[in-house]
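Below, each chain spelled out in residue letters.
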Amino acid sequence: MPQWGMTVDLDRCTGCEACVVACHAENNLPIVGPEQAAMGRTHQWIRIERYWEGEFPNIRARFMPVMCQQCDAAPCEPVCPVNATYHTPDGLNAQVYNRCVGTRFCANNCPYTVRYFTWFTPEWPSPLNEQLNPDVSIRSSGIMEKCTFCVQRIRRAQDTAKDETRAVRDGEIQPACAQACPAKVLVFGDMSDPDSQVSQLANSRRGYRLLEELGTRPRVVYLKEADA
Amino acid sequence: MKRRDFLKTGGIVGTAGLILDGCGKPQQLIPLLVSEDQFVPGEEGWVRTLCQQCAAGCGITVRVMQGESIRTIDGQQKRVKAVQAKKIEGNPEHPISMGGTCARGQAGVQALYHPDRVQTPLKLSGTRGSGQYQPITWKDAQQLLVTQLQQLQATPQAIAMLTGRPNRGTMGTIVERFAAGIGTTNVVSYDPFDPAPLRKAAELTTGVSRLPAVDFANANFLLSFNANLFETFLSPVRNIYSYGQFRQGRPGIRGKFVHAEPRLSQTAACADEWLPIKPGTEGLLALAMAHVIVNENLHDTDFVAQSTNGFAEWSAALADYAPEKIATQIDVPAAKIQRVAREFAQRRPSVAVGDSRDVASLTAIYALNALVGAYGRPGGIVFGPDETRGPATASTLRTESLEPKAKAPDILELLSAMSANQIKALLILDTNPVFTLPQGDALTKALSTVPFIASFASFLDETSVMADLILPSHVTLERWVDDVPEPGVGFSVRTLGQPAVEPRWDTRDPGDVLIDTAKALGGNAATAMPFENVAAAVKESFRSVHALQSGSTVDADFDAFYRKVTAAGGWWNAPAQTTADAGGQRAEGGGKAAARFNFVMPATPIAARAFAGDAAQMPFMLHLYPSAAFADGRVAHLPWLQEMPDPMTTVMWGSWVEINPETAHTLEIHEGDILTITSPQGSIELPAFLYPGLRPDVIAIPVGQGHTQYGRYASRGVNPLRLAGSSLDPASGAVVQSGVRVSAVKTGRHESLIRFGASDARGHHEHPLHR
Amino acid sequence: MATPNEAQINRDLLGPLFKTGPRYYIAVALFGALTSVVFIAWALQIMFGIGMSGKNRPSFWGLYITTFVFWIGISHAGTLISAILRVVQAEWRRPITRCAEAITTFALITGSLFPLIHLGRAWLFYWMVPYPNSRYLWPNFQSPLMWDFIAINTYLTGSVTYLYLPMIPDMAVARDKATGWRKKMYRTLALGWRGTEREWVRLEKAISIMALIIIPVAVSVHTIVSWDFAMTVMPMWHSTIFGPYFVVGAIFSGIAALLIAMVLIRKYFHLEHYLQPIHFDNLAKMLFAMSLLWFYFTFTEYLVTWYGNEAPEMPVFWSKISGRFAPLFWLMVTCNFLIPFPILAIKKLRTIPLIFFASSCILVGMWLERFLIIVPTLTHPFLPYNYGTYWPSLTEASIAAGTLGLFVLLYFLFAKFSPMISIWEYEEGLQVASKHAGDVHPGH
Ligand SMILES: Nc1nc2c(c(=O)[nH]1)N[C@H]1C(S)=C(S)[C@@H](COP(=O)(O)OP(=O)(O)OC[C@H]3O[C@@H](n4cnc5c(=O)[nH]c(N)nc54)[C@H](O)[C@@H]3O)O[C@H]1N2
Ligand SMILES: Nc1nc2c(c(=O)[nH]1)N[C@H]1C(S)=C(S)[C@@H](COP(=O)(O)OP(=O)(O)OC[C@H]3O[C@@H](n4cnc5c(=O)[nH]c(N)nc54)[C@H](O)[C@@H]3O)O[C@H]1N2
Ligand code: SF4
Ligand code: SF4
Ligand code: SF4
Ligand code: SF4
Ligand code: SF4
Ligand SMILES: [Mo]
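Residue numbers (my numbering), protein chains in the order written: chain W, 1 to 228; chain G, 1001 to 1771; chain A, 2001 to 2444.
If we strip away everything but chain W, and leave its shape as in the complex, we get (with noise of 0.2 Å):
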């Protein structure tokens, strides 16, 4: 059973978004506008969060991608009173949408505040809504969405290499935003597998997990700023 797991290069991230709009494109993320955002109410799967740090002129920025960090230990997952989100056995926080019922306790007891709630119904102004994605549901009203790390593009990958009587190949899988980013930020694999480039990147000296001191064990794990 492969373990799927994600590395973001902060070094290599120029925050430019991509991603964020590919996550949009891939999986049917609504468009609320202008009033609901102004509200918080914007779906954002990956998000670069933008940090200052100093005073001019002496000051920088800096950009971290954040999305859903799959956490082998979850918190969002115990406290769902109709278990609508649970682990898969490869290692994904899976969100089952016909079967929330919109707690939204998950989203309270997530430390990165990657849950993102459908407050309306979606609207895809004809014809919009030619573009969406077929293997991507859309989220009703009233549901918890956050990234799945593409689970559709996953299982794509896995019927095409079991239809192949192959394993799944390193690499083969991109998750939207890791395929969209021109810099090649996100890295996408199986953490189970020793030679996975994500593997060998996740345990490089530069690899560390957000807020890991919470014991959440995140499968993205960040690579810092730092010489090669």
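Hints should not be assumed to be uniformly reliable.
[To be verified] Lysine-lysine pairs mimicking DSBU-like chemistry, simulated, CA-CA at most 30 Å apart: (1) W:Lys184 <-> G:Lys1564; (2) A:Lys2183 <-> A:Lys2347; (3) A:Lys2177 <-> A:Lys2267; (4) G:Lys1256 <-> G:Lys1200; (5) W:Lys224 <-> G:Lys1336; (6) A:Lys2267 <-> A:Lys2347; (7) A:Lys2347 <-> A:Lys2205; (8) A:Lys2177 <-> A:Lys2285; (9) G:Lys1519 <-> G:Lys1139; (10) G:Lys1519 <-> G:Lys1424; (11) W:Lys184 <-> G:Lys1256; (12) G:Lys1256 <-> W:Lys224.
Hints in this document: simulated from the structure, not taken from any laboratory.
Assemble chains G and A with the ligands onto chain W, guided by the hints.
Frame of chain W, contents of chains G and A with the ligands only:
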């Protein structure tokens, strides 16, 4: 050849063009057809084409799927099966995109399915600018255009064409030929962020009038002057790719990056060190650094001796630019200038890149590259073959007699010509100058005096609402396109794009409209246009690369070659090494490195750029920058980009004015306070954003918002270009924005900015970033 | 003041059941209208989406959960207090047990509406019910929300039983007085009560057992409600003292609510004979003790947070102490401690009007306490980029405020249905009192 085989050999699946209407009557549609038995709903296919959301020329891959679409057929709503574009990815083999895209590129598919696209040809039914049109047929539309042009056959100079940045592919040839054929030299191109000064500076220093390709992926030290590499500068995706390589792509090497700009841009945010220079002093800073390098003998003496001209006089003139003398003008401590200059000279391979409206300043920046021997070496400035219009165009299609005889006017000249009633018909293609020209209001007035205006717009924008006739264009994903990226990568690249989907609406390729119009006009116009249609012309343009029998695709049979090139999304002639290394060939293929570098010191000393306006009343210098999401505003109609948080301010769905927090504090300005910003040219009102990375004497405003037309999502924020003037820069021949000073006054009103991220998000020592 | 005789007691206490003045109808109409606001607003919210509330990311919870915790807290007024007083055989409890227990039941009903109102898909609430189904879909028993669900249901069942048991003899009295359909109703509810010795013994036993059971249940309910927060990893939620802190807060607000109800019942049903200053004084002393306890817990909670100085907790801490939420925080301290402390501590100030005032302040303060536990944490999550703000929407505010109407309405309707003072217990009290001459007599 059977269509099915076509697909197989092409290596692409199912870009089906089968529409079944309600009666089951199959309509065959271009471009690629599959037989009905291959039509499987939900089956995906991949089509390679070109991104045209900006001028970078990234090769992309479009994921298409067969799905259902509600269409109006014979006046009835019907459910039809159609191939639909789902997702845009980079083309991993394409040397510019390297498989990546930027945010704007991702959103290209929303241009295709935008609910406010012009769906059929339109004829003005209300007054100009009212946006009231009535749909007409293409036959009538074409006839109307032909009739209008026929009336002016005797006075062709009364016809003008207004375009954006000149198209580098076959479409450019078609426009040029159309104009030449009907006998007008009035082909005006306007781009608010025209890179003409860069091209001119390159020409002056190297003799090559092309945008230089910077191979900083392989550099150890990158010094940037104002270049917003990761937002909008020339080739953002290529730049971002290079940055990734520069930082972590080479084992054991981590490039160092210093960026000079009055504002801490997204690019500056990535730099190891930011030099907050006074606006318009990039040339001074470059010369001050040059002074340090030459003075301390840190330059590449071999390169300077062997490959440059004019070093002696030039270096003598540097004496006036010693850091100690001009540091206060630049407002960066002399010691810092010296330190960075030394590091730049010593951490070779190093390279400098610059963006400026001032040709002289750019020559100074390029000179730094010569000092470190960056020309023609890996990790420096690389050259490719001169193919700005594609090899085929030059050799087989262009005929001497059709070369334009006079210099094309610039937009300001066109403006006065229109005001003087010299222009009787105007064709507008791929540009929106009423929005992007600082004198947009004057332009609107001038346009209203032109008797006939036709626009090829896909959307009703501020300029096209002035048209009498709208001939709606296909969007990129519906067109055949070809391109030669500029800047390139040091070797030949010809991008080819095919339609990913059949046209969603009753639109046409503007090239086809021009070809048909030329044919209907007959005479010279028809002779000048020897193509059946755009698709054929694009194909024809690939004959010359086919003739090379080298590069990424080789096949003796031209048709087979072209199929493969279509499937691959283009043809390129990368050297054998991996592409990253290949960027740095000193001389390759047809691409010769500049023979020699000319050190040019302008006759008048380089000085800080002048800012119009009384400093007492207008204490701030205005810094306008193309926004990361919307560039010059051309993609502000796409909802994904409107809802994308600005990378620095995190603002969505709006625009803002940036002010230094200390300055704001003394003026008692808080975030969201609406300020009146007044320049000598005019004044606008915008909510304030306290921007910690901004010089206290500067006010910065992003360009791109403030549309009054352009569909339901675009009417957000304010267009700040109205504050700037623009004038012809004699050095580069381009119309560029002029520097202005502004005042900022509180109106007393408040408008909360729509933000995604928290205003007080600061890294602190406990922060996860520092683990 | 003379001790009322049995006939008078029956008349006074059963009177409101059978005599209805216009004031009552006006009040019912008013609170009924307020209640209908709740259901109209809720219907709109279900129709258009939970986005009708002001919640957002990161403030996924807001007014609804605040008000939920508030009402569940209020519910501790009754059953717990009455049970404790019964178990310790505090004689002065007798006239107040019924109104206290009624508060519990109606506060629970009102409060438990909120987890439903707050659901994104309220119509699917029953998925949280563990019922057998062909898909073998079970709720997640690991979730504190499930514990809540079970605990609240248990408490509600227990409380209704505990309210009902002592009502049986009174139902029988009412049965004997009523006519028509009401007679039928009371006859059914009286369960054929005849007042035999055996019946009395069994009733007393049942009540004693229920009193013993209900105490741990009540304590567990608010402990579990606190775990909705304490079980998470969120800054200033993840606290070991939240269980007792919430229980103390609940009893605190419960007693305050009880006092308010008693003042109003005493005034409008003219029960000055029965609810005497001594009852208020005793309860006020308990309230004083709870105020001190509340202050102690609050002080401990904040002191430890401040001293620990953990990075993720400090922004939440400062937002309450000196930041955006400071006005609410200090208002809370004022309402829960600074005002009640002197009023309840100084004997001279422990008058019924001032106790009423202090109790009202405490209700405001305790509502604020819940708000200040929920919202500042949510708006200051771990990663500072995601700090947010929260403003309740009109829909949300109408629902939260409107449930006050629902609660009062239920209470009013109950007052028409059952004597608000347990007739037999009161009478029993008089007998006990005359046996133990020298004991504090309810009527002095
Ligand atoms: N998120 C989410 N996931 C779910 C479910 C859910 O409710 N939510 N439901 C689950 C359930 S109950 C099920 S049954 C599965 C269904 O999951 P799948 O079995 O994957 O079902 P489909 O995607 O409907 O069909 C599979 C493929 O069969 C192809 N196909 C159609 N006709 C034929 C044929 O004649 N021959 C062949 N060889 N192929 C054909 C289709 O084109 C399609 O590609 O999904 C499960 N997954
Ligand atoms: N249009 C369409 N129709 C289909 C299919 C399809 O792909 N598309 N697939 C077919 C197949 S393979 C299948 S198996 C069937 C499945 O058809 P259904 O059995 O209808 O399956 P779902 O819609 O996945 O789920 C049923 C309902 O269960 C609810 N639910 C979730 N948890 C609980 C719970 O604890 N208790 C209760 N009572 N309800 C709960 C969900 O919200 C949903 O409304 O549909 C068949 N029909
Ligand atoms: S696309 Fe890549 S470089 Fe751009 S913001 Fe996302 S992770 Fe960073
Ligand atoms: S990041 Fe948040 S949503 Fe994702 S698994 Fe962890 S706790 Fe759950
Ligand atoms: S919002 Fe949905 S997934 Fe999250 S805890 Fe509630 S029911 Fe579970
Ligand atoms: S992995 Fe997929 S779902 Fe997750 S952020 Fe990236 S694109 Fe979005
Ligand atoms: S840089 Fe972005 S917008 Fe420009 S061509 Fe490339 S992908 Fe398209
Ligand atoms: Mo199924």
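Is the straight-line distance between the alpha-carbon of Lys2267 of chain A and that of Lys2347 of chain A 30 Å or less? Holds, at about 22 Å.
Sort out whether Lys1336 of chain G lies within 30 Å of Lys224 of chain W, counting only the CA atoms. 27 Å, holds
Going straight from one Cα to the other, do Lys184 of chain W and Lys1256 of chain G come out at no more than 30 Å? 18 Å, holds
Within a Cα-Cα threshold of 30 Å, do Lys1519 of chain G and Lys1139 of chain G meet the stated pairing? Between Lys1519 of chain G and Lys1139 of chain G the Cα gap is close to 14 Å, so the pair holds against 30 Å.
Hinted pair, alpha-carbon criterion (30 Å max): Lys1519 of chain G, Lys1424 of chain G. Please report holds or violated. 21 Å, holds
Is the Cα-Cα distance between Lys2347 of chain A and Lys2205 of chain A 30 Å or less? The hint is violated at about 37 Å.
Would you check the hint for Lys1256 of chain G and Lys224 of chain W, treating anything up to 30 Å between C-alpha atoms as holding? The given pair, whose Cα atoms are some 15 Å apart, holds under the 30 Å limit.
Has the given pair, Lys2177 of chain A with Lys2285 of chain A, been kept, meaning a C-alpha gap of at most 30 Å? Not OK: Lys2177 of chain A and Lys2285 of chain A at ~38 Å, beyond 30 Å, violated.
Has the given pair, Lys1256 of chain G with Lys1200 of chain G, been kept, meaning a C-alpha gap of at most 30 Å? The hint holds at about 28 Å.
Holds or violated: Lys2183 of chain A and Lys2347 of chain A, Cα atoms, limit 30 Å. Distance ~46 Å between Lys2183 of chain A and Lys2347 of chain A Cα, so the pair is violated.
Lys2177 of chain A and Lys2267 of chain A: Cα distance at most 30 Å? Satisfied, since the Cα-Cα distance of roughly 24 Å is no more than 30 Å.
Going straight from one Cα to the other, do Lys184 of chain W and Lys1564 of chain G come out at no more than 30 Å? Roughly 27 Å between the alpha carbons, so the hint for Lys184 of chain W and Lys1564 of chain G holds.
In the structure shown, a violation is registered for the earlier hints numbered 2, 7, 8, in ascending order.
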